Amino acid sequence: MTSPKAYSPEVLLNIYRTALKIRSVDSGVRGLIRSGNLMLAMHPPTGQEIIAACMGECLEQTDYLVTIYRGLHDQIAKGMPVKKIVAEYHGRVTGACKGKGGPMHITHRESGVMVTTGVVGSGMPIATGLGWASQLKGDNRVTVTCFGDGATNIGAFHEAMNLAAVWKLPVVFLCQNNQYAECTTYEDATASKTIAERALAYGENMVGVSVDGNDPESMFNAMRKAVDRARAGKGPTLLEAKTFRLSGHYFGDPSPYIPKEQMAEAFANDPIVKVREQVINSGIATADELDAIVTQFEKEFEEAVEFAKNSPFPELSEVTTDMYGVA
Amino acid sequence: MTSPKAYSPEVLLNIYRTALKIRSVDSGVRGLIRSGNLMLAMHPPTGQEIIAACMGECLEQTDYLVTIYRGLHDQIAKGMPVKKIVAEYHGRVTGACKGKGGPMHITHRESGVMVTTGVVGSGMPIATGLGWASQLKGDNRVTVTCFGDGATNIGAFHEAMNLAAVWKLPVVFLCQNNQYAECTTYEDATASKTIAERALAYGENMVGVSVDGNDPESMFNAMRKAVDRARAGKGPTLLEAKTFRLSGHYFGDPSPYIPKEQMAEAFANDPIVKVREQVINSGIATADELDAIVTQFEKEFEEAVEFAKNSPFPELSEVTTDMYGVA
Amino acid sequence: MSDPKMITFTQAYTQALDEAMAADPTVVLLGEDIGDKEGGGVFKVTAGLTQKYGAERVRTTPISEQAIIGAAIGASLAGMRPVAEIMFMNFITVAMDQVVNHAAKLRFMSGGQTPVPITIRTRTGAGTGNGGQHSDMLEAWFAHVPGMKVVIPSSPADAVGLLRACIEDDDPCLFIEDGVTRIVKGEAPPANHKIPLGKAHVEREGSDVTVISYGRPMQDIRKIAAALAEEGISVEVIDLRTISPLDTDTIVNSVKKTGRAVVAHEAVRSFGVGAEVVARIQEFAFDSLKSPVLRVASKDATVPFARTLELEFLYKGSDIEAAIRKTLEEK
Amino acid sequence: MSDPKMITFTQAYTQALDEAMAADPTVVLLGEDIGDKEGGGVFKVTAGLTQKYGAERVRTTPISEQAIIGAAIGASLAGMRPVAEIMFMNFITVAMDQVVNHAAKLRFMSGGQTPVPITIRTRTGAGTGNGGQHSDMLEAWFAHVPGMKVVIPSSPADAVGLLRACIEDDDPCLFIEDGVTRIVKGEAPPANHKIPLGKAHVEREGSDVTVISYGRPMQDIRKIAAALAEEGISVEVIDLRTISPLDTDTIVNSVKKTGRAVVAHEAVRSFGVGAEVVARIQEFAFDSLKSPVLRVASKDATVPFARTLELEFLYKGSDIEAAIRKTLEEK
Ligand SMILES: Cc1ncc(C[n+]2csc(CCOP(=O)(O)OP(=O)(O)O)c2C)c(N)n1
Ligand SMILES: Cc1ncc(C[n+]2csc(CCOP(=O)(O)OP(=O)(O)O)c2C)c(N)n1
Ligand SMILES: [Mg+2]
Ligand SMILES: [Mg+2]
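Residue numbers (this note's numbering), protein chains in the order written: chain A, 1 to 327; chain B, 1001 to 1327; chain C, 2001 to 2331; chain D, 3001 to 3331.
Only chain A is shown next, with the shape it has when bound in the complex (with noise of 0.2 Å):
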């Protein structure tokens, strides 16, 4: 166990760095599309970066993450190197899956990232399973399925959520509540007032909570107590993480259905913005010192676009290897 215990400087300073890493890479890759650099449908994760940083901060190299299309933010906090992604989203050899798997489809093993999917719901099941693994070697491991609140209303969420419940699996179910399932707002699909709420459908194994996910001690909090009581066998946890997609459902989605206002207010609250703040007051690092990591980031993704652009796609026979291949 290295992830740290109890909330401190430190532990916001952690996680505002990996906060400032995803964005550093959100901006970076949809300026490549911007640009013309980068053809990709890309679903930011921009404005989600706490709950994902403090989710990293809760979890060991060897936890295990199944993610979705939108998991940009949770891939980086898991520990996934930037190149990786940013080659695979350029549909290189080098990327994490060889780029036959692409945005929605990420995977990798070394850092427990190990299913991203792209249909929503359906990465609940899964994580039940590798819980499940988990409980069946004794290997302490927990496991973290990511998830949004349009999700929850899908047949895939009730049946892991139940089994979880049943089995007492060490599974972390992560909902990060955006406010928005594509261009529908959460009033319009989700018949309870919380996600959390919806814990209350599968007994005392399961425990819902809802916090502010933008805030890095709500959210680190919440986290710690539910990763830890998973490890320590004791259940299935409902997390729900309040947030705002400061974005398109995709890049490129002039999302003609959020309010101005609404959008205007969370833009002025951007957590990337409001956390600075917490970290220079709570005295663990300046302005100037984030700046720099800032700039090291930035440069850190200038390389990861390099090291993609100058590496090779993969070979045309690997369209019918990874698989038994019918020839």
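Hints are not guaranteed to be accurate.
[As the list claims (entries may be wrong)] Here are the simulated lysine-lysine pairs, DSS-like style, with alpha carbons at most 25 Å apart:
hint	chain 1	residue 1	chain 2	residue 2
1	B	Lys1193	A	Lys168
2	A	Lys274	A	Lys260
3	D	Lys3199	C	Lys2299
[Stated by the list, open to error] To be clear about the criterion: a stretch of chain A counts as covered by chain D if any three or more of its residues have a C-beta under 8 Å from a C-beta of chain D, and this derived list gives those stretches:
hint	region
4	49-55
5	106-114
Just so you know, these hints were derived from the structure itself, not from any lab.
Predicted model, so just to flag it, every value in this text is computed and none were measured.
Beta carbons: idealized from backbone N, C-alpha and C, even for Gly.
Knowing the structure of chain A, use the given hints to seat chains B, C and D with the ligands on it.
For chains B, C and D with the ligands alone, kept in the frame of chain A given last:
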């Protein structure tokens, strides 16, 4: 509206009469199978008659029912002619579905029996659609969808409940909790303490209620309330009716997985016996009158069997009718 | 005469829905993000319809594909004609039970009491860099389910006519839209254009070889047939339009005439629609066949992400041309 | 020598699971009602295994097919070899997303990092009066999904060997059991019997006509071939064993020799496995074919309930014999 508003001895007698009818058909069919006169995969509703009878008592003919393989009681309570069911069981052209559906797939439009499904959970989404149509047309109909305790663990349940709540549909979700899903106990498969509390995951539009389904008064009152609520456009109800399956999962299942004492206790509480006392005590009917009713139903069943046996089998060409057909 | 009006596939779908809703008040739409409040659908097919027909008839749903198809079925049993949108075809996998065990079977199992007049619109196709979970062509599955009708248009005008026919049909219809060519244009059809289901369309008559296809490859085939005509090779081109029920007669009669055939589709080769077409041709036109019927299809693989691989995966127009030439080589 | 031991199909499945669990501690089972507490599964295949290997390795699940397959996938990513039971094949429709979009694709999409060594056992077949929602043969769907292996045994001994091979295989395997013949007996195989996947089995050599099939119809075909041999008709019989990947070579080489072929399966005819077999034969053995390859299959319909209709729906042994004779008539 012709169904009675308030519980009364007359209502009790109606309920009991329907329950007796169900039991007589149920016993009759089991007798035919036992004696080798009918080959059938049958899922007896034995012990669950009062629930269905109360449901029937609260519905209009024009209301819709969606039920499951264990649906004989529901179909009779909804008003299906017994001979249509018995002829279908015999695979005759005079059966409800011309012998093409069979016991797990009974439809009878005139009685509002819209779907009987053999797939666990699948009736619920269809019921939301029937409810949606009623809402669109303003035709004041209510849809009841029946299912078991085990069915509340499948994804379709969750999706249908959420949709019904968000759209405030006139649907009653009637869970007949007989404590077993095939051979698996409630506790081994279902994380929540009660089924009714699962309603908590669907906000204010959805109400959850749990009652003793074998007690006519509680069951009638709960059903009445749920149906009235739906008809008034106030939204769906998840109504859990607690009961016990006085039979194996299918006829012929020796149920080694049910503890002997549990089975013995359940038989001691057979609602057909218990409610008989209630009826007699209420003064609405004498023992002799009830016996006469039973005799009458037994006769009707025999007539239905005769009708079925004297009916022709469907033409072989029926294999490719009632579908577009691919010649 | 002025140039005919040109419309995109997307406009064609919208036109069909619009006309159907105008003509029949029982036509209702449901699906994720389809309402005007949500911007009229991710692909904008339903944009403007809420304004025209009201939010009651254009219902945005939660992300609940089982409930979407189930609700469509239920509403159809009560006399509506719902058109359900499944955003990408790969997501219909979560609703297969409703489609296969219920929509396709309820009419049969009820002995004819309850037809299920629903239309399921969905979208798919490789070539947009979406990778393995957003690109599959799964029409062969549904064609293997008796009771389902499966329809794929190859031009905007056909899209209008076939979608209208699906909506009016009493059987459950799966209507598959191509994601790659959605802004390709074609001539607009007249108002209330309807094309009968179950009939293949001989688009071009020819005498040397029959090419049978549907959907996106038709756009390649039209060009190839025209180019080969210049060389004196006469290609008969058949657009299936309806995959199931399959119009055996039109196919077989053509091959009896030409003696040679190529079947092309985007779906992966093995166990695809092409196999069924070949099987029927060889059974019913055996004596006329001068060379083996060839299939052109995408490779038996998961759709890869990298552009280079995605192109390598996909069937190619040049494969179709090569197959045509190959059938002509023998004898 | 004493008579060989005879076992039923059901006993064969149990034997394979038992041997696999004994040989490899990562083999775990999950499914509805499968534990001894629940009586060892509705079909008793897993009876006794809890007692032998513990309730940790034999897990009864809620009725949650998506979670069952998802949990199997997840556990397999973490190094287990789960065997999931889907009680009836029609219920796999609710889990198609997990099977198709995930199990079949994760190895490919991860660039080889995460194979999914799961086995899905399921049971189906018409003939038991269960009607439309418990009887479908859907193997063609899965064969059309690159990445999936699809296996159907035709004897208890093959059942043991093929199921063992599925469990040891690194790809997701769908293993389909026939519900009608589950108590039919055959010779027991020796301990630890394994049969390689992807290879068809020439069960009987012959020179006049090749009959290709798998699963239940093989039991008809064996008798028919023996009876025809008495008449001097020499039938070569191929049992596919693995439907996908399909062993083209064995099929094609046989038909090159015999010049005639019949393909038989229980699934409905159109867009079924038979079509693919025909398509490959006519492509690769065209010049050898003396008559059209004929297909025998069940009718394109929902499986009806009434016994009379169910029999009318089903393929028949006599259809197979008639098809064989018909292929021999021509030329
Ligand atoms: C089963 C399924 N249905 C529909 C989609 C299309 N889709 C992709 S993302 C999305 C919205 C998901 O919303 P949410 O769960 O809140 O996650 P977010 O995108 O907001 O992070 C939808 C409907 C899908 N990928 N899978
Ligand atoms: C999707 C699906 N999975 C499994 C089955 C097999 N099966 C039939 S009935 C049943 C148990 C259902 O239990 P419950 O919902 O409690 O209803 P009950 O039979 O007790 O009335 C199961 C697992 C099925 N029919 N459908
Ligand atoms: Mg969201
Ligand atoms: Mg039950």
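Hints, one by one, checked against the model:
The straight-line distance between the Cα atoms of Lys1193(B) and Lys168(A) is roughly 15 Å, inside the 25 Å bound, and the hint therefore holds. At most 25 Å may separate the alpha-carbon atoms for a hinted pair to count; Lys274(A) and Lys260(A) meet this at roughly 21 Å. For the hint linking Lys3199(D) to Lys2299(C), the alpha-carbon distance of about 21 Å falls within 25 Å, and the restraint holds. With 0 residues bearing a CB less than 8 Å from a CB of chain D, the region 49-55 of chain A misses the requirement of three and the coverage assertion fails.
As drawn, the region 106-114 of chain A meets chain D at 4 residues by the rule of a beta-carbon pair under 8 Å; at three or more, the given contact holds.
Violated hints amount to a single one, hint 4; each of the other numbered hints is respected by the structure.
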